[in-house]
Every structure is written in C-alpha cells, then in structure tokens.
Amino acid sequence: MQGRPEGCSCPPHLPYPLSLGTHTHPPPHAPPQAQRQIPTMGSQALPPGPVQTLIFLDLEATGLPFSQPKVTELCLLAIHRWALERLPTPQGPPSTVPPPPRVLDKLSLCVAPGKACSPAASEITGLSTAVLAAHGRQCFDANLANMLRAFLQRQPQPWCLVAHNGDRYDFPLLQAELAVLGLASALDGAFCVDSIAALKALEQAGSPSEHGPRKSYSLGSIYMRLYGQAPPDSHTAEGDVLALLSICQWRPQALLRWVDAHARPFSTVKPMYVVTASTGTSPRPSAAMATVPLASARDTSPNRGGNRNPKPLSPVKSPGAPPREGLLAPLGLLAFLTLAVATLYRLSLAIPGQ
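Each step along the sequence shown adds one to the number in the UniProt record's numbering, with nothing skipped, and position 249 is 249.
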C-alpha cells in the first residue's frame, strides 16, 4: 500500500474513484456562473468566470517546512460568494466581530502524522503524536484525499482555496501529502490564493499614503488591528479558519474582486517536499525510500536524459606531471648502476691486500 506511514493502523484505503476525477459540472440547481467547465490539471488560466465558492483552509502540522512536516489537523470551511456579496460595505474599522454566514459547509479532522511532532508544534497546537494515537486518529490516506475531493464536489464551481500564508505553507504541504499517496490530482480543478497577499493589497488600497512602523500580517495581528482583540482558539485549524473568515468579512466585495483577478490553479503549487519510493511503503527516509527537499531533488529518469549505465570515469592527471612511461627508463638505469656498484664493492672486500 503506497504512502502509508510505518505503524499506521488505518484500514486499507478504497481505490480512488474515477467519478470524482471526471465530474466537472455542479448540480442542476447551482447558480448559472457555476456551470462552467473547470480547466484541467496544469492549466495556468484564471478561473472561468467569478469564483463561486471560497474554501477557507488551515493545516496544523508536526513542524516547520525544513523538517518535512506531516499534517496533524485540517479544517475546510466553504461559503458561497453570495454570502459575502450581500454584506454591507463597512464605513471605517468594524466595531464588532461579524458572525459567520448561516449557510456554510465545514470539514474538520485530526490526523495521525506517522512521525513525532516537534516540541514547539505540540506546545502551539496542543497536539502530539501520542495524544492523536490515544484517540485512535487515522493517517492521511487515500480515504481522506477522497473525502477532500468529495467536499469540494458538493460546492458550486469554480472553487478557490483561501489560506493565510498558504503559498509558503498550507498549499505546498497539502500537495506533498497528496503526492506521497500518488494522488496529486485529487484536487484537480481547484484554484487558490494566499490571504496575506490579498489583505496587504486591500489595506494598501484603503490607505496608500499611510506611513509608520512596518505592519505585521500574521493572522493574529490583522485580527487585533480590525477587532481590537486576539482571535479565539488560535492555532487550532478550525479556530484559525474562523478567524480568517472574520477578517475577510471586513471588505468582502473588494476581496472577491481580488480573488477573481489573482486566483491560480492549485495544480501549479509545488509540493513542500518530494518522496521517491521503489519498494518501501514508509514516507520516512530509509533504504527503500528517501525523502528529500524539493530544491535538491534531481530527475534521474532515463527518458529525461539520465543514463542508467554511466561509463567509468578516466583517471585524473595532475597538470604538468610526466607520463608513467617516461619514468620507467631512468628508474631502470638507476637500479642497474646501484647493483653494479654493490657488486664491485663486495669483490674488493674479497681480494686481500686491496
């Protein structure tokens, strides 16, 4: 079973359903804008019309990117653009935190990572490998990938994933988890935006001439600037998703225009790391499987210019060194003269009176 961590107690996953990968049309009752066909995997185009569903996403994991982390918790919250379009345009900073839309879909799961959480990550998120195992949580497997796809399929298209710092963390990590399973196309058709870039653009458009200390665009800092309080349940996947939604309700119409203009295919996101496997099934580094950062990965496929049987390298010669053949003659002559001198010396000792 490819891509299952060692010691994982998950049941064998179901085959990836072809119907999920080929369905491109929403139910008949979906809005007219949503009944457009979504570009195929690898498309660089913008969404074919306004984004219909914003899916706010947050992942908690075992550590930072350099440690090749694994997901420990995820949350997706889907709302239709109509829920944001109907909100009133604010006059100045909001006075209270707006409630979430009444109609929304939410998927929240804890995941057994199959590797140890860093102490810092456990301190921040309140999750550890032992705690997740004690609660019988399952690993990130094909069943979970199918669940994510099915969640998207229930929403009007086009879909757009929205994550805070998503370009540098959530999106590459999610791609890495899917790639380990061989299901990189599981979210085919989805688009994505990083809310940091969106909120920077909205703030700068609202006060282009503002000068002062450099602002922080962490989720907590933006929430504090808008609502004068820290977001509740920080560093839980669901808490961070709800905080991000509250922030995006600040200037919803401007946000939707920015998303429509800047969303990119999720398929263009590179995995945070890659896993190469031959016979092993563990995503951890081993003799059968090596996990390497994407930046250092090399393509050695024979059909991409690689040579499976390289020729032996020629010996390296030092510049200016004489050839081996040129040294044999003087060394032979020196040995002959040494032998001759030694023979004459022995004869001189053997003749008395000499």
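Treat the hints as calculated values from the structure; they're not laboratory data.
Fair warning: there could be bad hints in the mix.
[Said to hold, decoys possible] Listed below are the simulated EDC-like cross-link pairs for lysine to aspartate or glutamate, each with C-alpha atoms no more than 20 angstroms apart in a straight line:
(1) K200 / D167
(2) K270 / D167
(3) K215 / E203
(4) K215 / E85
(5) K106 / E203
(6) K200 / D260
Just so we're clear, the structure is a prediction, and the values are computed from it rather than from any experiment.
How the hints compare with the structure:
1. K200 / D167: holds, 14 angstroms
2. K270 / D167: holds, 10 angstroms
3. K215 / E203: holds, 10 angstroms
4. K215 / E85: violated, 28 angstroms
5. K106 / E203: At roughly 28 angstroms apart (the allowed maximum being 20 angstroms), E203 and K106 break the hint.
6. K200 / D260: At roughly 16 angstroms apart (the allowed maximum being 20 angstroms), D260 and K200 satisfy the hint.
Hint compliance for this structure: hints 4 and 5 are broken, all remaining hints hold.
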